[in-house]
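Q: Residues per chain are reported as follows:
There are 2 protein chains.
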Amino acid sequence: MKYQALNFEKKLTLFDEHWAPKVIAEMNDYQFKVVKIKGDFVWHNHEDTDETLIVLEGNLRIDFRDGYVDLSQGEMFVVPKGVEHKPFAENEVKILLIEPRGVLNTGHEGGERTAQNDVWI
Amino acid sequence: MKYQALNFEKKLTLFDEHWAPKVIAEMNDYQFKVVKIKGDFVWHNHEDTDETLIVLEGNLRIDFRDGYVDLSQGEMFVVPKGVEHKPFAENEVKILLIEPRGVLNTGHEGGERTAQNDVWI
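Residue numbers (this note's numbering), protein chains in the order written: chain A, 1036 to 1156; chain B, 1036 to 1156.
Since the hints were derived computationally from the structure, they do not count as laboratory data. Hints should not be assumed to be uniformly reliable.
Identical chains blur together in the list; that is why a pair holds if it fits in one copy or across any two.
Unchecked claim - Cut-off 30 Å, straight-line C-alpha distance, at most; resulting in silico cross-link-like pairs (BS3-like, lysine-lysine):
1. 1121 to 1037
2. 1037 to 1073
3. 1116 to 1037
4. 1121 to 1046
5. 1116 to 1073
6. 1121 to 1073
The structure displayed is predicted, hence computed values, not measured ones.
Please build the complete structure, drawing on both the sequences and the hints.
A: Structure below.
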């Protein structure tokens, strides 16, 4: 039996919308999500968990209250739990998110930018 | 303050040995490890946890008792907990492993192929 690998590029062709993470896999109670983002987001934090971002294509900046980090393809960053952050991308960037099942994109801030959770592709 | 992204390619230049995972980051109680592998490994499983493999460069095959999966750059696979598997790479392949802190590369099999755990670069 031949099992199927998960291909990030193929998964990313399945949708166009920004700021709407799509689940592609689970490891224990963690989820892997692909997401396309462009422009500015809201300040938010995840009170109960760290959050990992891996850039698959493009450039991402994450602002913190005391600084920022620039991420390019092949780079990752772990945002510590409770730390306020705001992602920004001048041009579209494709990202792999890794975080526990149930984490919302806007963390504990909520609001109109909150995406539907647990959407699989 | 400018924070530093973790760059997979740069981390992979820091060592040459095969089958010796190096920790580059933690998310909660999970670790991200880069590893270079070439050739055949031992059959093993991780009784208590799933294990995620993302191919950063090269080609990887993972054999299971009932089949196999082929992985190339930009592809991932989650090996379910308890499932026996054996990685194989004809040529060197560079991988990102994601699994809970404390997981050994040989799982519960042990033996001479067991690498030192929790080595950071």
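Q: The structure should be examined with respect to each hint, and the outcome stated for every one.
A: Structure-based check of all given hints:
Only between protomers do residue 1121 and residue 1037 lie at most 30 Å apart by alpha-carbon distance; the minimum there is 14 Å, versus 41 Å within a single protomer. Taking CA atoms no more than 30 Å apart as the test, residue 1037 paired with residue 1073 passes between copies only; the shortest distance there is 21 Å, against 37 Å inside one copy. Only between protomers do residue 1116 and residue 1037 lie at most 30 Å apart by alpha-carbon distance; the minimum there is 19 Å, versus 39 Å within a single protomer. In this assembly of identical chains, residue 1121 and residue 1046 lie within 30 Å of each other by CA distance both inside one copy and across copies; the values are 25 Å within and 26 Å between.
When the C-alpha separation of residue 1116 and residue 1073 is checked against a cutoff of 30 Å, the pair qualifies only within one copy, where the shortest distance is 23 Å, while the shortest distance between copies is 36 Å. In this assembly of identical chains, residue 1121 and residue 1073 lie within 30 Å of each other by CA distance solely inside one copy; the values are 12 Å within and 40 Å between copies.
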